[in-house]
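Protein chains in written order, with my numbering: chain A, 452 to 783; chain B, 1220 to 1367; chain C, 506 to 1064.
Just so you know, the hints here were simulated from the structure itself, not pulled from any lab data.
Do not take every clue at face value.
Using C-beta positions, here's what the derived DEER-type ranges look like [to be verified]:
| hint | chain 1 | residue 1 | chain 2 | residue 2 | range |
| --- | --- | --- | --- | --- | --- |
| 1 | C | Lys603 | B | Ala1338 | 30 to 40 Å |
| 2 | A | Arg730 | C | Glu978 | 32 to 42 Å |
| 3 | C | Glu978 | A | Ala459 | 23 to 33 Å |
| 4 | B | Glu1307 | A | Arg495 | 54 to 64 Å |
| 5 | A | Pro545 | C | Phe957 | 56 to 66 Å |
In silico negatives: residues of chain A with every beta carbon more than 12 Å from chain C [what the hints assert, rightly or not]:
| hint | residue |
| --- | --- |
| 6 | Asp492 |
| 7 | His494 |
| 8 | Asp522 |
| 9 | Arg531 |
| 10 | Ile556 |
| 11 | Glu616 |
| 12 | Ala692 |
| 13 | Leu699 |
| 14 | Leu701 |
| 15 | Pro706 |
| 16 | Ala726 |
| 17 | Ile733 |
| 18 | Arg736 |
| 19 | Val748 |
| 20 | Ala759 |
Note that the structure is predicted; figures quoted are calculated from it, not measured.
Even glycine gets a Cβ: it sits at the ideal position worked out from N, Cα and C.
So the chains spell out like this:
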Amino acid sequence: MTGMTKRAMHALLLQRLRAGDPKAMARAITIMEAGGPAAADLHRALQPSTGRALAVGFTGPPGAGKSTLIDAFVAELRKRERTVAVAAVDPSSPLSGGAVLGDRIRMGRHTEDPGVFIRSIGSRGHLGGLNASIQHIVDVLDVAGRDVIVIETVGAGQSEVEIVEVADIRVVVNAPGLGDDVQAIKAGILEIASILVVNKADLPLAARTVRQLRSMLSLRRESEGNVPVIETVASSGRGVAELLEAVLNLAPQTPEERLARRRARVRRLVAEAAAAEVRRRIMERNDEPFQVALSRVEAGQLSVEGAARVFAAPDSDHDPAQFQQTIIRKRQ
Amino acid sequence: MTNVDARPLRVLVTKIGLDGHDRGSRIVAAYLRDAGMEVIYTPPWQTISGVVKLVTEEDVDIIGVSSLATDHLIVPKMMDALREAGLEHVRVIVGGIVPDEEKGALLAAGVSRIFGPGAARDEIVDFVTSLGRQSRSGRIDEFSEVIP
Amino acid sequence: MTEIAIQLPLPGFEQAQGEWRSQYSRQMRDETPIRNRSGIEIQPLYSPRDWSGERYLDDLGFPGQFPFTRGIYPSMHRGRTWTQRQLIGLGTPEDYNKRVRRIIEAGATAISLLPCCSGFRGIDCDEVDPVLLGTCGTVINTTDHMDRALDGVPIGEISTAMNDPSPFTLLAFTLGVARRRGIDWRSVTGTSNQSDYISHFIANHQFYRLSLPGSRRVLLDHIDFCRRHVPNWNPVSVVGQHMQQAGATPAETMGFTLSTAIQYAEDCIARGMDVDDVLRRFTFFFDISISLFEEVAKFRAGRRIWARIARDRLGAKDPACWRFKFHGQTSGVDLTQQQPLNNIARVSIQAMAGILSGLQSLHTDAYDEAIACPSEETARIAVATQNILREEARLCDVIDPLGGSYYIERLTDQMEAEIEGVIAKIDAAGGMYKAAEAGLVQTMIGESALAFQEQVDSGERKIVGVNCYRIEEDPTVPPADRPDAEAMHRHVEGFKAFKRERSQNQVARALDALARAANSTDENTFEKVVEAVEVGVTHGEVVGCLRRELGFGHPLILA
Chain A
452 MTGMTKRAMH ALLLQRLRAG DPKAMARAIT IMEAGGPAAA DLHRALQPST
502 GRALAVGFTG PPGAGKSTLI DAFVAELRKR ERTVAVAAVD PSSPLSGGAV
552 LGDRIRMGRH TEDPGVFIRS IGSRGHLGGL NASIQHIVDV LDVAGRDVIV
602 IETVGAGQSE VEIVEVADIR VVVNAPGLGD DVQAIKAGIL EIASILVVNK
652 ADLPLAARTV RQLRSMLSLR RESEGNVPVI ETVASSGRGV AELLEAVLNL
702 APQTPEERLA RRRARVRRLV AEAAAAEVRR RIMERNDEPF QVALSRVEAG
752 QLSVEGAARV FAAPDSDHDP AQFQQTIIRK RQ
Chain B
1220 MTNVDARPLR VLVTKIGLDG HDRGSRIVAA YLRDAGMEVI YTPPWQTISG
1270 VVKLVTEEDV DIIGVSSLAT DHLIVPKMMD ALREAGLEHV RVIVGGIVPD
1320 EEKGALLAAG VSRIFGPGAA RDEIVDFVTS LGRQSRSGRI DEFSEVIP
Chain C
506 MTEIAIQLPL PGFEQAQGEW RSQYSRQMRD ETPIRNRSGI EIQPLYSPRD
556 WSGERYLDDL GFPGQFPFTR GIYPSMHRGR TWTQRQLIGL GTPEDYNKRV
606 RRIIEAGATA ISLLPCCSGF RGIDCDEVDP VLLGTCGTVI NTTDHMDRAL
656 DGVPIGEIST AMNDPSPFTL LAFTLGVARR RGIDWRSVTG TSNQSDYISH
706 FIANHQFYRL SLPGSRRVLL DHIDFCRRHV PNWNPVSVVG QHMQQAGATP
756 AETMGFTLST AIQYAEDCIA RGMDVDDVLR RFTFFFDISI SLFEEVAKFR
806 AGRRIWARIA RDRLGAKDPA CWRFKFHGQT SGVDLTQQQP LNNIARVSIQ
856 AMAGILSGLQ SLHTDAYDEA IACPSEETAR IAVATQNILR EEARLCDVID
906 PLGGSYYIER LTDQMEAEIE GVIAKIDAAG GMYKAAEAGL VQTMIGESAL
956 AFQEQVDSGE RKIVGVNCYR IEEDPTVPPA DRPDAEAMHR HVEGFKAFKR
1006 ERSQNQVARA LDALARAANS TDENTFEKVV EAVEVGVTHG EVVGCLRREL
1056 GFGHPLILA
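Extracted from the complex, chain A is given alone in its bound form (with noise of 0.2 Å):
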């Protein structure tokens, strides 16, 4: 095996990876969680292959049985023949970088089933970039073939507003009785929803917690789309079909709406690459005109937002004496 080259090598696991073989799937995310130059080599590499599986991606707070459903909805999807991938993230210490991944465990169902793969995921404090690499393991579960990729994260902050907005459907798991049902809600959880669930729906308080999430939906405009609502019991699997329909009505159903997800997604991925170059490139300026323009932000001269827009322009870094006529003209 060391007699290949590195160049075969790839080539290998690129072949493997579109057989779909498990151990191949497993390399392709161990070298996109590592990042760096041969996870975007890779990246870049199975592009012309992805666009074929659905995203589906579930959040909400902990306790809300979230894991519980997701075991239900994979059983319901293996029920029609479809092959699953779940990524689980869990949060890793800020402190040591560590992780127990405990996510796997309630899919106790699934343990043996080559139909699906499960891959537990530590968030590693990079919350930045740990949606990029969320993106691009999907984008290797989809070249190997699988139908759905469900994407689980807990909790309903920012971080995980990001990582569910990898996958095409977001669905927000809420339960009655989890203390504060509207704190869930906050953190633009609400704005990305595609689905939102009400699991345990047994319980006495569940048709409270319908009605206040149905009022705080008919707040959004009018363009945002209709959000269903869906009861669910997971543990008993009441209401897991209803889910699956919802999902995949709401999947592309045409090649043309497939291409415009494609398109979508890229765009976004292109935007947040930029935005992290533009956010690298800003923090590590340190020249003159550079600092006489923050002085101007200080002194209330210029915007915070005249800056960022003059900063992020093409030629802000080529011609310092351009710059500087630029940040004089926004100034007047």
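With chain A's structure known, arrange chains B and C on it following the hints.
Below, chains B and C alone, put in the same frame as chain A:
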């Protein structure tokens, strides 16, 4: 060191066979997490084929099997299954209670070390860390050097 | 109920105490507070200040009198010694039979049967790698197996503890054997001592088979069936052992266990059963740690609290229902692998704590229990320990000998306050079932376990041979007693043949009936289990059927 090698070690902590007492394995999982490793933790009663599937999918470096009664008796079968699946680079340690006269069979089957119930945290963590490096560098399958 | 200081009109008392205190402080310059396992601060000395006998009748009572703090019966061990009930189980039914007969010949009136781990897992012997069978328990999958295991054992006269969780197939087998031998079920006595599914869900997943709601249903059916058909059997044993072994403090353990008992009683009442009928047959099962005085206080407080709960909260009228009957097992968690013979001393102290606490039956661990299943020799030492405590130390001569001790009475009061605090927390969470489902209890236990471990790791809590008084030793793990492979193979082959030869029709019909009962609300699942094993349905088939209909028991694991 490449990005891939700079990643945290991925360790599976599991119980195979019949015994259901998992207090010790949970403590070890916490030790390893606090040492910066990613621990995939399973409930007891995992099957050997289930473990092979998990180790494949999770790209695990090391397997820690907790055995308090007799489950160690089927560890050699697990080693065989790992070999058959092309996963022999994954190192295995056993923690718990193993009668002295049955330790030899485990080591002969390829288990790297057997820890008794009184093993100190540092001892476990240090050993797993060095074993993990061996596991990664000892990998000679078709995907071991895909990364530049 | 609990007062901090009691005023005494005793002239000179204050002065004498003051003098002692200043002399004491001078001798003890630097003192860090000492706390017991439940977190209660322990003083160097207790005096009439802490307890004066005024509350004797209200809070103690004489033995056999409400609130039973001093003992549930008037004569306690002086009248009838505690029951010695040693756990045994190994290999084939014949292996068990040999051992149990020897124990009975030696005078035991109570036996215990420990099934193979495969049984706990809910599967039959033909579904398991043979090398794992019968290593720590006996393989019993059918009524025939039970018949052979209990061959020559007078089940109508001896009390049996069946270490068997839902759906209690072992008892079903035993009832089948009783029927074969013409023994009236009313003479069958013993306890379903692993019926506490809530404690399994929380702290010992080894025993957890069916989903929480499924376990709840089957337990109620079991209680109902036994009430009507096996009235001298205790269908419920509320277990504190697992939680204490998982790290709950003694006070927490008692609080959780009493809360569980409340939950089960309320479930029975909601089902329409008469509370007296039900509580009369409640028993408890506890671990006894080496924290001697704390354990005595824990059990005395437990008796007092339970009497009030049974009478005042649950409304039972029969005084028999107010009595806190419990079996104690010395705690294996306190035993060490290092210098194992030291464990004999530990077990003696634990046993003494249990006896002084007024338990009804006792199991003493073998000194190597932490690392192996007991051999004949180590089991003999465990039993001898009890005999020495009884015959030589004469612990049975006086009822509640620690009663009246200023320390013990004060500590009993303090433990009572802690325990009631735990019960209140569980009440606030909606009861023990809900608290367990939500993981609240598991979290509390996890914190206590971690705190204890940290104390051991730091050396603050000393354990001889482990973090002090160590010696250079190679901890040896003795060779394990394994069942004879040939005999086990024959046993499994015999089982397979049995399955082939029984009436498949009858089996299918019985399993259908069981499934239907599980899905209805007015049929009794345990009754169907008893009927099913009569026609040769196996343990694994019963469990499998109920798992399908009522849900597989997945424990909640908080990573």
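Hint-by-hint comparison with the structure:
Separation of Lys603/C from Ala1338/B is about 37 Å and conforms to the stated range, judged on CB atoms against 30 to 40 Å. Here the CB-CB span from Arg730/A to Glu978/C is close to 59 Å, at odds with the stated 32 to 42 Å. For the hinted restraint 23 to 33 Å between Glu978/C and Ala459/A, the CB-CB distance of approximately 55 Å leaves it violated. Hint check: Glu1307/B to Arg495/A, Cβ distance near 32 Å, so the stated range 54 to 64 Å is violated.
Between Pro545/A and Phe957/C the beta carbon distance is about 27 Å. The supplied range of 56 to 66 Å is therefore violated. Remark: the non-interface label on Asp492/A is consistent with the geometry, its nearest Cβ contact in chain C lying 34 Å away (cut-off 12 Å). Listed as outside the interface, His494/A is consistent with that label: its C-beta sits roughly 30 Å from the nearest C-beta of chain C, beyond the 12 Å cut-off. The non-interface label for Asp522/A is inconsistent with chain C: the shortest C-beta to C-beta separation is roughly 9 Å, within 12 Å.
Residue placement check: Arg531/A keeps its beta carbon more than 12 Å from all beta carbons of chain C (closest about 21 Å). Look at Ile556/A: its CB is around 6 Å from the nearest CB on chain C, not clear of 12 Å, so calling it non-interface is violated. The non-interface label for Glu616/A is consistent with chain C: the shortest C-beta to C-beta separation is roughly 25 Å, beyond 12 Å. No Cβ of chain C approaches the Cβ of Ala692/A within 12 Å, the least distance being about 18 Å, so the stated non-interface status holds.
No beta-carbon of chain C comes within 12 Å of the beta-carbon of Leu699/A; the shortest separation is about 27 Å. Here Leu701/A stays apart from chain C, with its beta-carbon at least about 30 Å from theirs, past the 12 Å limit. The non-interface label for Pro706/A is consistent with chain C: the shortest C-beta to C-beta separation is roughly 41 Å, beyond 12 Å. Ala726/A, annotated as away from the interface, keeps every beta carbon of chain C farther than 12 Å; the closest lies near 33 Å.
Against the 12 Å criterion, Ile733/A stays outside the reach of chain C, whose nearest CB is about 39 Å from its own CB. Chain C leaves Arg736/A outside its interface by the beta-carbon criterion, the shortest separation being 43 Å against a cut-off of 12 Å. For Val748/A, the condition that its CB be more than 12 Å from all CB atoms of chain C holds, with the nearest at approximately 46 Å. At roughly 42 Å, the least C-beta separation between Ala759/A and chain C is larger than 12 Å, which holds for a residue marked as non-interface.
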